[in-house]
Structures are given as C-alpha cells and as structure tokens.
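There are 2 protein chains.
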Amino acid sequence: MKKLSGRVTLPSEENFLNETKELLSRWGADALRDSDGTKLDKEIKQLNAKIYTTYFVARSHNEFAEQHPEEIQQLYLMSQYHMATGTKLEVTFMKGYFDEQIEPDYVHDPKKWWEVIDRTTGEVVNPDSWEVNQAENQLVIHQAQPWHEYTVSFLAYMKWDPTQMYNHMTNDWGDKPHEIPFDARQPYSNQFIKDYLVKWLKENPDTDVVRFTTFFYHFTLIFNHLGKEKFVDWFGYGASVSVAALQAFEKEKGYSLRPEDIVDQGYYNTTFRVPSTAYLDYIDFIQQFVAQEVKELVEMVHDSGKEAMMFLGDNWIGTEPYGNYFKDTDMDAVVGSVGDGTTLRIISDIPHVAYTEGRLLPYFFPDTFYEGNDPVIEANEIWLSARRAMMRKPLDRIGYGGYLSLAYKFPAFVDYVEHITEEFREIYDKIKGVKPYTGIKVAILNAWGQLRSWQAHTVAHGKWYKQTYSYYGILEALSGSNAEVTFLSFDDVIHHGIPDDIDVIINAGDAGTAFSGGEIWKESVLTEKLREWIYHGGGFIGIGEPSAYHHEGRYFQLANVLGVDKELGFSLSTNKYFTDTADSHFITDDTKVFHFGEGIKNIYALEQQTTILGQNDDGIYLASSPFGSGRSVYMAGLPYSHENTRLFMRALFFAAHKERELKKWYASNIHCEVHAYLEINMYAVVNNSMETQTTNVYVGTGIEHVVTLGPSEIIWEVCKDGR
Amino acid sequence: MKKLSGRVTLPSEENFLNETKELLSRWGADALRDSDGTKLDKEIKQLNAKIYTTYFVARSHNEFAEQHPEEIQQLYLMSQYHMATGTKLEVTFMKGYFDEQIEPDYVHDPKKWWEVIDRTTGEVVNPDSWEVNQAENQLVIHQAQPWHEYTVSFLAYMKWDPTQMYNHMTNDWGDKPHEIPFDARQPYSNQFIKDYLVKWLKENPDTDVVRFTTFFYHFTLIFNHLGKEKFVDWFGYGASVSVAALQAFEKEKGYSLRPEDIVDQGYYNTTFRVPSTAYLDYIDFIQQFVAQEVKELVEMVHDSGKEAMMFLGDNWIGTEPYGNYFKDTDMDAVVGSVGDGTTLRIISDIPHVAYTEGRLLPYFFPDTFYEGNDPVIEANEIWLSARRAMMRKPLDRIGYGGYLSLAYKFPAFVDYVEHITEEFREIYDKIKGVKPYTGIKVAILNAWGQLRSWQAHTVAHGKWYKQTYSYYGILEALSGSNAEVTFLSFDDVIHHGIPDDIDVIINAGDAGTAFSGGEIWKESVLTEKLREWIYHGGGFIGIGEPSAYHHEGRYFQLANVLGVDKELGFSLSTNKYFTDTADSHFITDDTKVFHFGEGIKNIYALEQQTTILGQNDDGIYLASSPFGSGRSVYMAGLPYSHENTRLFMRALFFAAHKERELKKWYASNIHCEVHAYLEINMYAVVNNSMETQTTNVYVGTGIEHVVTLGPSEIIWEVCKDGR
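Quick mapping for you: the protein sequence lines, in order, are chains A and B.
Quick note: the first sequence uses the numbering used here, first residue 3, plus one each step.
Quick note: the second sequence uses the numbering used here, first residue 3, plus one each step.
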C-alpha cells in the first residue's frame with residue numbers, strides 16, 4: 003500500500019535542522035510551526051513544509067502599550083466579602099489580587115463605574131455614602147449596616163497578559179518584560195493592530211499560515227496576591243470589558259449594564275451559571291465586535307497571500323466558532339488542543355472553515371518527557387480516545403506542540419507518532435467527507451445549546467474536575483459513537499420546538515446549573531413541549547439532576563417522564579414502595595458494571611411502572627420509565643469508560659424504541675466499535691483498548707461474524723451489498 | 003442498702019394473677035395497666051398497685067359514630083398527579099387511597115371546599131371548569147392545559163382510626179369492627195365524649211389513673227389501596243381538619259385557609275417543611291381548641307378522684323406539651339415510649355405535669371420475644387442510651403408495654419428488668435429535683451424552636467431514616483451529656499434576640515428544611531443578630547447544610563462565620579486554596595474516628611484562618627473557624643456514637659472558648675461519662691458500654707483518678723469539698 007504523507011504539523015526550534023528533517027520525513031509532516039518562546043531558523047523555514055507563525059494581536063508590543071496606558075485591557079472584579087462591625091467599613095478591594103496583573107481604574111470615575119453591594123440584602127449602596135481612598139486602594143462605606151457583608155465591584159486594568167504571565171511565572175522568566183494586553187476597541191490600539199499586521203505580513207514572506215494566538219481578549223484568568231491562579235474560566239468574557247465597551251453596548255442594545263451583570267455575585271457568569279439575558283446580550287455584543295475586527299485582519303492576511311488560522315484558546319473570547327458571527331470572520335482554519343474525543347469534536351465539527359487541526363497531547367514538555375517515563379502510554383491512551391471521534395468526524399490535520407528536541411530523545415515515542423500519523427492519514431483518506439452510519443440522533447439540551455457545542459461541563463479546557471467528570475463522560479461517550487449529536491438550548495425548544503429528526507433528548511447536570519437548567523424548568527411551555535414530544539414517542543435521558551427545580555411538589559419537573567424524583571426531606575413521610583430491581587434489561591444486557599461517578603443521593607421511584615435497573619444504599623442510579631408512547635432513562639452520572647459508553651448507547655437505543663436497530667454495525671465486545679461508511683462501501687472494526695480483543699461483529703443486516711483485533715488495531719472491511 | 007420499690011408500671015392481662023404478683027414484687031412495680039386489646043382481671047385490680055386504664059376518647063364507640071356519619075373525622079388529601087394529554091382530564095382522586103379508611107366528603111360542596119391545582123404553573127383551576135362524578139369518585143377538568151399536571155385536593159372522611167387499623171391489619175383481627183373516629187369539634191360527638199366519660203368514671207371505681215390514648219386527633223397516618231402505610235407524620239395535624247374547624251379558624255384568625263394551606267403540595271406540612279404562617283396559625287388554633295376540651299375532660303377525671311395521664315402518641319395532635327396551651331390542660335402526667343436518650347428527654351423535660359412516665363422498649367411482643375432471641379441485649383442497649391438521659395433529667399416513672407406473659411417466658415430478661423428497675427429507682431432517689439452540673443449551655447436553632455423540643459429530625463417517633471440519622475445523633479448526644487439544652491426558633495432570634503446565657507448555637511439540617519431554615523436565611527435581621535452575637539464571643543456549630551440558602555454569592559448565609567461554604571458548581575472557576583488538614587486540635591484530641599453519616603459533598607474552606615480538621619475526596623467534613631471573638635465549628639453530620647458524642651462535646655466547649663472547663667466532671671474514656679450533682683455532694687461515673695472500661699475521672703477541680711467499671715456499671719462517689 004502506498005504510504006500517505008502530509009496533514010501533520012510539527013513544532014520546531016532553533017539548531018534542530020537535521021532532526022527536524024528526519025521527523026518531517028518519518029511522520030510525513032508538511033507544516034512546521036514556532037511557539038510562544040521558540041523561533042524557527044532560516045534553514046528550517048526553507049524545508050519542504052508550510053510555515054505556521056504564531057502571531058499575537060493584542061500583546062507583545064509593550065513599546066506601544068506603554069504609550070497608551072489608558073488603552074490597557076480591563077476587567078470588572080469583585081472584592082472579597084467584607085463584613086461591617088460598625089457603620090464605617092473599609093473595603094480593601096485589591097486584597098487577594100495580584101498587583102502585577104491588576105490595577106484599579108481611577109481614570110474613570112468610580113462613583114459612576116463601580117458598584118458597592120450589600121450582599122446580605124442584595125441592595126446597591128448609594129455612591130454618596132462611600133468614597134475611594136486611591137492611595138490605599140481602599141473604599142470606605144460611611145453608613146454601613148453593622149453585620150452585613152459588602153463587596154465592591156471595581157473596574158481595573160489588566161496589565162499582564164494571562165498566558166504570558168502563566169508561562170513567565172511557571173518558567174521563571176525573571177525580568178523578561180510583562181506583556182501588556184491592549185484593547186482592540188480603543189482607537190490607538192485598533193490602529194496599531196492593523197498597522198502592525200500589515201508591516202508584519204510584509205516582513206514575514208516565509209510564513210504561509212498566520213497562526214493567531216488568538217485575537218483580542220483572553221479568557222478570564224486571574225491570579226492571586228501570591229501569583230497563583232485564582233480564577234479561571236475558559237469561556238470567561240471578563241477581559242473584554244471597558245468603559246468604551248459598556249457605552250457602545252448601551253448604544254446598541256438600548257440599556258446599560260450594571261457592574262453586577264458582569265461580576266455576577268463573584269461567579270462572573272461562568273458557563274455553569276444559567277446565563278442572564280443581560281449576559282447573553284453582552285456576549286452577543288462582544289462576539290459581533292470581535293468578528294468584525296477579525297474579519298479585517300483575516301482580509302489583510304488573505305491579501306498578503308497567506309492563510310489565517312485561529313488557535314481555539316487563550317485570546318479566543320468573542321470568536322466562539324459555534325456562535326452567530328464566526329462565519330463572518332472568513333477564517334481559513336482553526337487549531338485547538340486535543341486530549342480526547344470531546345476536545346477533538348470541538349475542533350472537527352467547527353463549520354465555516356476550510357480545515358481544522360488538532361494539536362494532540364501530550365505536549366513535548368518535561369512533565370511527560372522525563373527520564374524513566376514512557377510517553378507512549380499517554381500518547382496511546384489519548385490517541386485511542388481521539389481516534390474514536392476521528393472515525394465520526396475527522397480533523398483535517400493533526401499536529402504537536404512543545405519542544406521537538408525533547409520528544410526526539412524518546413525513540414519509542416517517535417516510532418509511535420509515526421504510527422499515529424500514518425493511521426490518521428489512512429482514516430482521513432478513506433472517510434473524509436463521508437457521512438458515517440448513525441443509528442440514532444441525540445440532542446443535548448441545556449441553557450447554552452449550539453453555542454457551546456461539545457463544551458458543556460467544561461471549566462478550564464481539558465481539565466478534570468470532580469464536579470464535572472460524571473457529566474463530561476456523556477460527551478466523551480458520544481464523541482466517538484454511532485450517534486449524530488446536536489445541541490439544543492431551552493430557548494430553542496421554547497421558541498422553535500424540537501427538530502423532527504431527534505430520537506433522544508438528554509438533559510444532564512447538577513441542579514441549578516446552566517446544564518441542568520435551574521428556574522427555566524418553571525416555564526410551562528418548556529415542559530409542555532418536552533412532555534408532548536416524549537409522550538408521542540420521543541426518548542428522554544436525564545442524568546444527575548435533570549429538570550431539577552423545586553416547584554409544586556416536584557423536584558424534577560419532568561419527574562412524571564422520568565418516573566423518579568429526588569427526596570429533599572419534605573416527603574420522608576411518604577412511603578416509597580417501588581424498590582425492586584429488574585433482573586435483566588435491554589439497557590444492561592452487555593455490562594452489569596456501571597460506575598455512575600459522583601452520584602446523586604436519594605433518587606426514588608415514583609411509580610410501579612418505573613423499572614429500576616440499579617440502586618444502592620444512596621438510592622436509584624439507573625432506571626427507565628415509559629411515558630405515553632415514549633420512554634425515559636434516568637442515570638445518576640456517566641463518567642467515561644467503555645462500559646458506560648456501551649450502557650449509554652443501549653440506553654439511547656432503548657429510549658428511542660430502536661432496540662432492533664442496535665445490532666447493526668455493532669461489536670459485542672464493549673472495548674470494540676464498528677463504524678460503517680456506506681457511501682464508500684466500507685466499515686471499520688476498531689479496538690479501543692490496548693489489549694487484544696475478540697468480538698462478534700454485526701454488519702448492517704445484523705448478521706454477525708467473529709473478529710480478533712490486536713491492541714488498538716483497526717480492521718477495515720468492505721461491505722457486502724452495501725450492508 | 004435498703005431496697006427501693008415503686009415508680010414502675012406493668013402491663014398485665016387476664017389469667018395471669020400469680021405471675022403478675024411475682025413480677026410486681028421482683029420489679030418493685032406499684033402500678034398495673036391494661037392495653038389496647040388486653041383487660042385486667044378483677045383479682046389483679048385488687049393487688050396493691052395503682053390501676054391505669056386505657057381510655058379512648060374519640061373512637062371505639064361505633065354505636066354512636068354510626069348514628070352521626072357527618073361527624074366522622076376529616077382529612078384534606080391530595081390526589082396523585084394527573085397529566086392532561088388533551089383539554090379534558092379525568093382525575094381519579096381516590097387512586098392510591100384505601101377505601102376502607104377514606105371516603106370523599108360529598109356532604110360539603112366540593113366546589114367550595116376542594117381545590118384543583120395546575121401543578122405545572124401552580125395556579126388554582128376555576129371550579130366552573132371542573133365537576134365531580136360522585137359515582138366514580140372522579141373529577142373531570144374540562145379546560146385543562148394539555149401536558150400540564152393537575153392534582154385535586156379533596157376533603158374526605160377518615161372512617162377508620164389509624165392505630166386500630168394498624169393493629170387490626172397487623173394482627174389479622176378479621177371481622178372485628180373498624181373503629182370510627184368522631185370529631186370532638188362536632189356537637190353530638192362533643193356531648194357524647196363528655197357524657198360517656200362521666201358514665202365511665204362512675205363505672206370504673208378501680209381505676210386510679212385514666213390513661214388517655216390519647217384525645218381527639220390522630221397524627222396523620224394514611225394507608226394505600228393495598229392496605230399498607232402510605233403516609234405517616236407523627237406531628238401531622240391532617241386529621242384535625244373539618245368544615246367546622248375551617249369556619250371557626252376564619253372567625254378566629256380573620257382569614258380563611260385554602261386547602262393548599264393544609265395539603266402543601268402533597269407534603270402536608272411535615273415537620274421538615276419550613277412552616278408557613280397559615281400553618282403555624284392553624285396548629286395554634288387546633289392546640290388551643292384541644293387544650294380547652296382536654297381541660298374539661300381532665301376536670302371530670304379529677305372530680306371523680308382519679309388522675310389524668312396522657313399518652314404522647316396516637317391521638318396526641320393538639321396537645322404538644324411544649325406548646326403554648328398544654329399547661330391549660332391541668333394534666334397530671336404524660337407517658338410516652340422511650341427507646342433512647344432523646345425520646346426519654348421528650349418526656350422527662352415536659353413542663354406543667356406532676357409526673358412523667360417512660361414506657362421503655364422493647365415491647366413484650368413476639369418480634370423481640372421469640373425463641374432463640376435474647377431480649378436482654380436489646381433491653382441493655384436501650385437502657386444504656388436512656389440511662390444517659392435519665393442522669394440529666396430523670397423520668398418519674400418507668401413502665402413496660404405488651405404481653406407480660408410473653409416476657410415472663412424469658413427468665414434472664416426478667417432478671418435484667420429487675421436490675422433496670424432497681425437502678426432506675428436508685429438514680430431517681432438520689433438525683434430527682436437536683437440540678438446536674440452542666441459545663442455548657444446550647445441552643446438548637448430551627449424553624450420550630452421550643453414547640454418541638456427534642457423532636458427535631460423526626461418523621462415517625464423512634465423510627466430510623468437514612469436522611470435523618472446524621473442529624474438525630476445531635477439530640478441523642480446531647481440528651482445525656484453535660485450540657486443544658488434549649489430550643490430556639492428563628493422567630494425567637496428575630497424578635498427576641500439570643501438569650502444571654504447561651505454558649506453555643508447549633509443549626510443543623512439539610513438545605514431547605516425547617517431544621518436548616520431555608521429562605522429565612524435571607525432575612526438580614528437573623529444573620530445580623532447571629533453574626534453580632536458570635537462576633538462578640540458566641541459559639542456556633544453548623545451541621546450538614548447550616549444557614550443554607552443560595553443568595554448573593556453565598557450558599558451558607560453564615561459562610562463567613564463558618565469559614566466554609568458548599569460548591570454548587572457556580573464557583574468551580576474559583577481556585578480553592580485552603581486544603582491543609584490540621585495535625586491535631588482540641589476538638590479531635592480524644593478520638594480521630596469521626597463518622598459523619600450521610601455527609602455533605604463539596605464543602606470547601608473559604609479562608610486561610612479556617613482550620614480543616616477532617617476531609618476526604620468529597621470535601622471537608624469537620625472544620626473550625628474564628629469569627630471576631632467567637633468561634634464556629636462545621637460538621638458534615640453527627641450520627642450517634644460514643645466517639646461522635648465526645649467529639650461533639652469537645653466541639654461545643656471549643657466553640658464556647660471553654661476548653662479549660664472541659665475536664666471537670668469528665669472521663670477520659672469516651673465510653674464513660676461523669677455526672678455531678680453538687681447540691682447533694684455526689685457524682686456518678688457511668689460506663690455507657692457493655693464492656694468493662696477503665697477511665698481517668700476528672701472531678702470538679704480537674705484533678706484526676708483512675709476508675710474501672712464493669713459492663714454498664716454506675717459508680718456513685720461523694721464529692722470532696724463540693725468539687
């Protein structure tokens with residue numbers, strides 16, 4: 003078979019020419035890139051590869067930024083809670099912030115732009131009754147209510163780019179200057195950004211792809227007074243605020259924002275918060291501005307004959323690729339970090355770009371590449387997860403990040419990447435543009451819908467949280483499965499109903515969060531539409547605390563659909579009769595082992611007709627219920643594992659009344675999956691594990707045969723008669 | 003030492019004269035009683051013992067009740083939830099109820115007295131748009147909103163006394179007539195109750211004590227269509243409802259109640275619900291009526307030269323002994339079931355009576371007294387728990403229930419009860435009326451306060467619930483400890499502040515319950531008063547989800563006092579820095595083993611100054627924090643155990659800044675306790691375990707000496723110089 007090449011990007015560095023050549027050849031790479039802190043030699047730039055050059059739009063020009071301190075980026079920050087013990091209260095609002103990053107804005111009148119809130123009552127304190135002592139960074143409230151807690155929401159300048167700050171402090175860069183982020187919305191900065199790009203494009207003829215890292219506003223990343231991370235929200239629009247932005251917002255939307263609309267009780271509208279209308283308006287406003295400005299930069303790049311690529315991360319705020327304005331940017335490509343199937347799908351599903359690229363983990367950094375460690379194990383695990391998703395919707399390119407010279411010291415790793423790149427190209431070559439067979443179509447229902455496709459339950463990209471892994475597993479399971487996945491918001495359902503082709507709707511999350519939905523469940527139009535749709539045959543899967551909002555004797559507002567509810571203590575007086583576990587069931591036919599993660603306590607069955615499939619001392623963790631012609635499944639949680647993925651797929655098919663469709667393009671062994679591509683008359687049997695596996699393989703007719711696969715192996719087969 | 007006798011009541015039965023005599027003598031009993039289903043022989047009544055006779059006020063007179071079906075007791079009941087799939091909805095409101103117990107009230111106009119609620123919106127459905135089909139026990143809604151859920155709150159007659167129903171069905175009493183409860187508020191019943199008592203008093207000259215079991219209204223106990231318990235609330239005022247009561251309520255309180263005020267979303271105002279003003283008014287109204295009526299009956303008893311004793315249970319609704327009107331009843335005595343220290347204190351702390359009596363468990367019933375079982379073990383366990391409480395506030399009498407003939411078949415048990423009765427009298431003889439030394443005064447703060455003294459976290463009396471044991475342990479620990487205990491309601495604090503002599507306030511419970519407090523925590527006057535008091539040196543212990551109500555960026559409204567809060571998902575973006583566990587601490591000095599029961603997840607420290615004393619993967623379960631001059635302690639839960647009791651006592655002394663007071667009248671061994679009675683110059687060292695224990699005993703000066711105690715032993719010693 004002809005060896006394929008291309009579709010792979012490598013990082014390179016100075017004084018690494020020969021090894022770079024060798025790896026270019028072995029890994030079949032066709033692009034090279036620099037990084038934050040590494041530069042490419044001239045000779046390297048002359049190799050037969052496209053050159054990506056990292057470009058910072060709104061930082062790394064301190065000579066400019068220092069001339070325009072009034073154009074430094076801004077944030078609204080909330081002070082710590084300060085309790086009054088008398089009528090005078092001094093709030094040291096900078097306490098806990100890092101003065102190398104944050105500086106209060108005294109240019110704009112605090113009386114107008116700041117807000118003091120009595121957090122015991124929620125009332126705003128009249129600005130006449132407080133004053134700011136600038137010398138001490140202190141705000142004094144003169145008529146405080148004793149024993150109430152107060153916070154100050156203050157406007158501040160963010161004078162150090164968070165990513166550079168992180169790298170600087172992590173790598174002990176000493177007196178290397180702190181890069182000052184400037185604001186594209188401000189006149190001088192806006193002009194500078196454009197002028198500089200024109201100049202830079204001319205000065206960098208070797209660059210083929212301008213790798214924007216990224217544009218204007220960094221996701222919210224704030225450090226504390228000890229220089230340690232204090233607040234991180236990968237979706238945070240915090241650093242996009244400015245007086246100019248607030249004024250423009252008022253002009254455009256017809257009302258002004260309060261500081262509290264941004265500060266949000268100190269939660270800063272994280273993606274776990276049910277978004278307020280004001281916040282949705284604000285992010286729409288920022289997205290629109292960013293898209294317009296990005297479009298201009300992209301045009302310049304195009305005019306210079308180069309491509310524009312955006313890194314999904316760092317300063318990506320306002321460019322959300324599933325938002326309404328991303329298509330306007332004319333971006334050529336998006337690149338992002340890929341550590342599993344979900345993060346791969348974030349990238350590979352992005353619409354409106356010519357190509358997507360995933361920067362595969364692990365990074366070539368000393369935390370993985372140290373003596374005695376075998377980076378192949380981690381690389382293999384990540385590749386198996388990512389490959390599942392690749393089989394459904396492939397990236398157009400893959401790449402790596404970090405120090406190539408470090409990876410080079412691990413020959414087994416170099417061999418393994420050679421295998422990965424080869425396998426990637428083989429997959430891509432076969433299935434790019436081919437719609438894989440899907441047995442089922444699911445919609446994930448939460449407050450964010452399509453805007454945050456594949457991004458639910460994420461705090462910081464790729465980071466594990468105890469409170470999120472039990473839900474993140476849903477996305478990970480789906481990312482590489484035989485299901486078409488869409489994302490619906492509550493507003494979509496309320497205003498546009500449920501698309502006809504959906505088989506199963508999933509609502510998953512902790513009570514009160516944007517993912518479960520919170521108070522929206524009191525909206526009768528939402529529950530009406532869902533009940534009607536399910537009653538007439540739809541499937542509904544609730545995970546964790548679905549539809550949770552305590553109202554009129556129900557905690558789960560869809561309790562009658564789910565057949566279960568959660569005991570809050572109010573109905574302890576009511577006997578719980580229905581406690582028998584079903585002996586066997588379609589959903590649990592392949593595996594009895596179900597790890598539901600963090601779990602939810604005190605779930606009980608409401609009705610005789612609820613089928614309990616799993617329970618322990620803490621309550622039910624798996625159940626199913628009929629509802630009219632429809633069906634529901636309740637699960638306490640779904641961390642990612644092969645067992646859970648299988649269980650979940652069976653639950654989806656059951657909820658959709660598609661039990662008879664399950665064993666088409668299906669592997670009996672839970673560590674294996676079958677992906678079929680009927681347009682090209684092929685299917686792949688994939689071993690998702692690092693051990694040899696034997697499985698029955700069911701083709702499209704449901705006829706089975708036995709296949710044995712080596713560790714991580716893919717076997718491609720030709721469909722007979724297209725089935 | 004002279005053997006004491008008396009203060010013990012035995013159940014007896016027919017044909018059991020000689021054995022009764024023997025047990026009277028061996029157990030030193032001075033009173034005999036019949037039971038529901040047993041009668042005393044004439045000869046037995048002539049023994050040298052007071053005779054208690056069980057008396058039912060509002061049942062067991064079917065000849066009367068059947069003549070006045072309109073005076074049968076009533077309930078408001080809620081139907082199951084019925085979802086409309088079109089505009090016409092048929093609600094089979096009796097579904098799930100037991101037609102031998104419940105009959106809908108068609109005498110009073112359903113249009114006036116019933117309520118149909120759209121539970122999707124919470125709106126009441128206009129009575130014009132529904133009608134009742136009496137023949138089918140069905141209510142038809144004509145203009146239902148499709149996909150909304152509806153319930154019907156209907157007035158019903160309760161035609162079978164719940165206790166007799168329970169006994170009848172449990173013991174297969176076959177065609178024995180169902181006792182019909184009649185309503186003391188109704189004219190004929192009221193007259194009958196009084197006339198019959200007059201007659202009965204005359205006809206029962208041998209009776210010394212009329213043991214009312216109890217008065218008018220049974221706690222709510224509803225069975226389902228299969229004749230199994232459906233709803234049980236030991237505090238439930240459900241069966242006190244009637245049209246007459248509702249009309250009298252309106253006259254007295256100046257407003258009318260809605261059915262929903264009673265039905266309460268199907269929760270029926272269980273004690274876990276934060277009580278509404280309407281419900282508090284209603285129970286006040288019922289208590290007042292019951293007290294007036296009871297007073298009349300008690301007067302008749304007194305006029306006949308007998309004593310009136312009330313059984314705390316069954317038909318006790320309206321007689322709550324810690325309520326405002328109990329003192330008006332002139333009751334001589336209260337008897338109640340005692341299974342541990344908490345249930346003992348419910349009885350022994352009752353004010354305004356001449357004496358109290360505890361009916362010790364186990365009952366002499368076949369569930370304990372069967373061949374091969376040793377009832378001594380259970381009796382010993384119960385006695386050890388009860389005895390702890392007895393050492394603090396003794397009952398005046400103890401007794402037993404069930405079949406004496408059954409107990410008689412277990413000679414070791416007979417011996418053991420001889421020991422218990424002897425030990426009880428010894429304790430009583432020494433300490434009755436003597437104030438025990440207390441090192442600390444605590445107040446338990448919840449929505450109920452004094453009214454439900456020692457009754458927090460109870461669903462059905464003496465019954466274990468998974469959702470309650472982690473809080474019930476607080477009461478059990480305190481019931482026999484060196485602490486004075488009072489009960490405060492939120493309203494007490496809001497309107498009257500915190501009594502001067504309190505050392506530590508405890509708030510404990512699951513979020514939203516009456517015990518934690520729910521929305522009351524938004525009342526700034528509550529948090530102001532608590533913060534002020536703690537700041538100036540008070541102690542505060544929060545257990546479970548204390549002060550929980552999500553508001554203005556805090557979940558625990560006293561988070562700044564507690565130094566901890568609960569992560570709800572909204573602040574995952576905020577780093578949690580303070581994660582070090584303290585190596586050692588005053589609170590954990592005696593035991594490192596802490597079982598916090600059900601636990602609360604995701605508790606984290608807010609401040610550097612929070613001292614974490616225990617945490618696991620789920621979060622912090624034990625912590626302490628300074629607050630001004632005061633201190634707080636957080637615990638995730640406190641099931642009863644000797645270890646937890648010690649830990650809790652240390653936490654109380656620590657919170658109160660009384661560390662130096664701890665080792666006075668104190669045992670180093672956690673299975674032992676020391677109770678001092680300075681007025682009589684004595685102290686007791688008690689072994690609360692069934693094993694031999696050696697302990698250091700600290701007397702009032704803090705000087706220690708070593709004592710070894712046999713299993714369950716008490717050693718009485720004389721104080722030297724009153725210390």
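Some hints could be false.
Copies of the same chain are indistinguishable here, so a pair counts whether it falls within one copy or spans any two.
[What the hints assert, rightly or not] Pairs of lysine to aspartate or glutamate residues, derived as EDC-like cross-links and limited to a Cα-Cα distance of at most 20 Å, are as follows:
1) Lys161 x Asp305
2) Lys113 x Asp431
3) Lys660 x Glu24
4) Lys44 x Asp592
5) Lys468 x Asp620
6) Lys297 x Glu309
7) Lys90 x Glu530
8) Lys201 x Glu309
9) Lys524 x Asp120
10) Lys524 x Glu125
11) Lys578 x Glu231
12) Lys603 x Glu569
13) Lys161 x Glu530
14) Lys443 x Asp502
15) Lys468 x Glu600
It is worth saying that the hints were derived from the structure and are not from the lab.
Return the numbers of the hints above that this structure violates; sort them in rising order.
-> 1, 2, 3, 4, 13
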